[in-house]
Amino acid sequence: DTAVSQTPKYLVTQMGNDKSIKCEQNLGHDTMYWYKQDSKKFLKIMFSYNNKELIINETVPNRFSPKSPDKAHLNLHINSLELGDSAVYFCASSQDRSQLTFFGQGTRLTVV
Amino acid sequence: EDKVVQSPLSLVVHEGDTVTLNCSYEVTNFRSLLWYKQEKKAPTFLFMLTSSGIEKKSGRLSSILDKKELFSILNITATQTGDSAIYLCAVEFRSGGSNYKLTFGKGTLLTVNP
Chain D
197 DTAVSQTPKY
207 LVTQMGNDKS
217 IKCEQNLGHD
227 TMYWYKQDSK
237 KFLKIMFSYN
247 NKELIINETV
257 PNRFSPKSPD
267 KAHLNLHINS
277 LELGDSAVYF
287 CASSQDRSQL
297 TFFGQGTRLT
307 VV
Chain Z
136 EDKVVQSPLS
146 LVVHEGDTVT
156 LNCSYEVTNF
166 RSLLWYKQEK
176 KAPTFLFMLT
186 SSGIEKKSGR
196 LSSILDKKEL
206 FSILNITATQ
216 TGDSAIYLCA
226 VEFRSGGSNY
236 KLTFGKGTLL
246 TVNP
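Protein chains in written order, with the working numbering: chain D, 197 to 308; chain Z, 136 to 249.
One chain only, chain D, in its complex shape:
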């Protein structure tokens, strides 16, 4: 069983569209994250949720809005997509105090 799963794996869309990426973890973890990996493979945290509450919100455009309906899910909605949003987006989770972060397989977003 996949521990952290995100859908879709690939997403190609036009500029200006709105899209969502879904993430689910079945590890019983309290904390979930969204990371963005750019073309140079640099991983940078975007958001972190703990028990459905936002605890980290890095400097990302407010076109990006995470939503956590329950602690096993953290979805990422992106409005008015821009070319620069093209990247691989990773969802991840960790147990509050275990420090070990598990990653999903990534969603490759291409904005054309």
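The set of hints was computed from the structure by calculation and includes no laboratory data. Any given hint could be a false lead.
Stated by the list, open to error - In silico lysine-lysine, DSS-like type, Cα no more than 27 Å apart, as pairs:
| no. | chain 1 | residue 1 | chain 2 | residue 2 |
| --- | --- | --- | --- | --- |
| 1 | Z | Lys191 | D | Lys237 |
| 2 | D | Lys232 | D | Lys205 |
| 3 | D | Lys205 | Z | Lys241 |
| 4 | Z | Lys203 | D | Lys240 |
| 5 | Z | Lys191 | D | Lys240 |
| 6 | D | Lys215 | Z | Lys175 |
| 7 | Z | Lys176 | D | Lys267 |
| 8 | D | Lys240 | D | Lys263 |
| 9 | D | Lys237 | Z | Lys176 |
As the list claims (entries may be wrong) - Here's a subset of chain D near chain Z, in silico, CB distances under 8 Å, partners left out:
| no. | residue |
| --- | --- |
| 10 | Phe238 |
| 11 | Leu239 |
| 12 | Phe286 |
As the list claims (entries may be wrong) - Where chain D lies over chain Z, by a calculated footprint (3+ residues, C-beta under 8 Å):
| no. | stretch |
| --- | --- |
| 13 | 216–230 |
| 14 | 236–245 |
Even glycine gets a Cβ: it sits at the ideal position worked out from N, Cα and C.
The hints should help you fit chain Z onto chain D, whose structure is shown.
Quick look at chain Z alone, frame taken from chain D:
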């Protein structure tokens, strides 16, 4: 500003060589340092280090942390083509209250040629 710096950025070796990857960091409220291996998809966990001087080993891979000098190394002996990947170093630190954040270095791209 908190940061994690890895070196070299890329490395090409032949099978059988031994490699050492470096990770230095400058963070306040350090909690742990983690190494990940990333091939085509998600980073996969290798080691978590919290104490200085204690070597962690897994097969041909080993890692150690120096909290005084603020760095860690990842060693791979008798490299194989399957070791080709990006190796990511990440540092966890307290970012405020009881919240912790994981910051990644830019990674080292290792290529092992037959």
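Now the hints, each set against the structure:
Taken as a hint, the Lys191 (chain Z) and Lys237 (chain D) pair is honoured in the structure, with Cα atoms around 26 Å apart against an allowance of 27 Å. Annotation: proposed proximity of Lys232 (chain D) to Lys205 (chain D) holds, straight-line Cα distance about 14 Å (limit 27 Å). For the proposed pair Lys205 (chain D) and Lys241 (chain Z), the alpha carbon gap of about 23 Å is at most 27 Å, so the pair holds. Distance check on the hinted pair: Lys203 (chain Z) and Lys240 (chain D) sit about 26 Å apart at the alpha-carbon level, within 27 Å; holds.
Taken as a hint, the Lys191 (chain Z) and Lys240 (chain D) pair is honoured in the structure, with Cα atoms around 26 Å apart against an allowance of 27 Å. Of the supplied pair hints, the one linking Lys215 (chain D) and Lys175 (chain Z) holds, its CA atoms being roughly 24 Å apart against a limit of 27 Å. At most 27 Å may separate the alpha-carbon atoms for a hinted pair to count; Lys176 (chain Z) and Lys267 (chain D) meet this at roughly 24 Å. For the hint linking Lys240 (chain D) to Lys263 (chain D), the alpha-carbon distance of about 19 Å falls within 27 Å, and the restraint holds.
Under the criterion of a C-alpha separation no larger than 27 Å, the hint pairing Lys237 (chain D) with Lys176 (chain Z) is consistent with the structure, at around 11 Å. Here the hint on Phe238 (chain D) is kept, as its CB sits about 5 Å from the closest CB of chain Z, short of 8 Å. Nearest Cβ of chain Z to the Cβ of Leu239 (chain D): about 4 Å, under the 8 Å cut. The hint holds. With 8 Å as the threshold, the beta carbon of Phe286 (chain D) comes within range of chain Z, its nearest partner Cβ sitting at about 6 Å, so the hint holds.
A stretch counts as covered by a chain when three or more of its residues have a beta carbon under 8 Å from one of that chain; for the stretch 216–230 of chain Z and chain D the count is 5, and the coverage holds. With a cut-off of 8 Å between beta carbons, the stretch 236–245 of chain Z has 7 residues touching chain D; three or more are needed, and the interface restraint holds.
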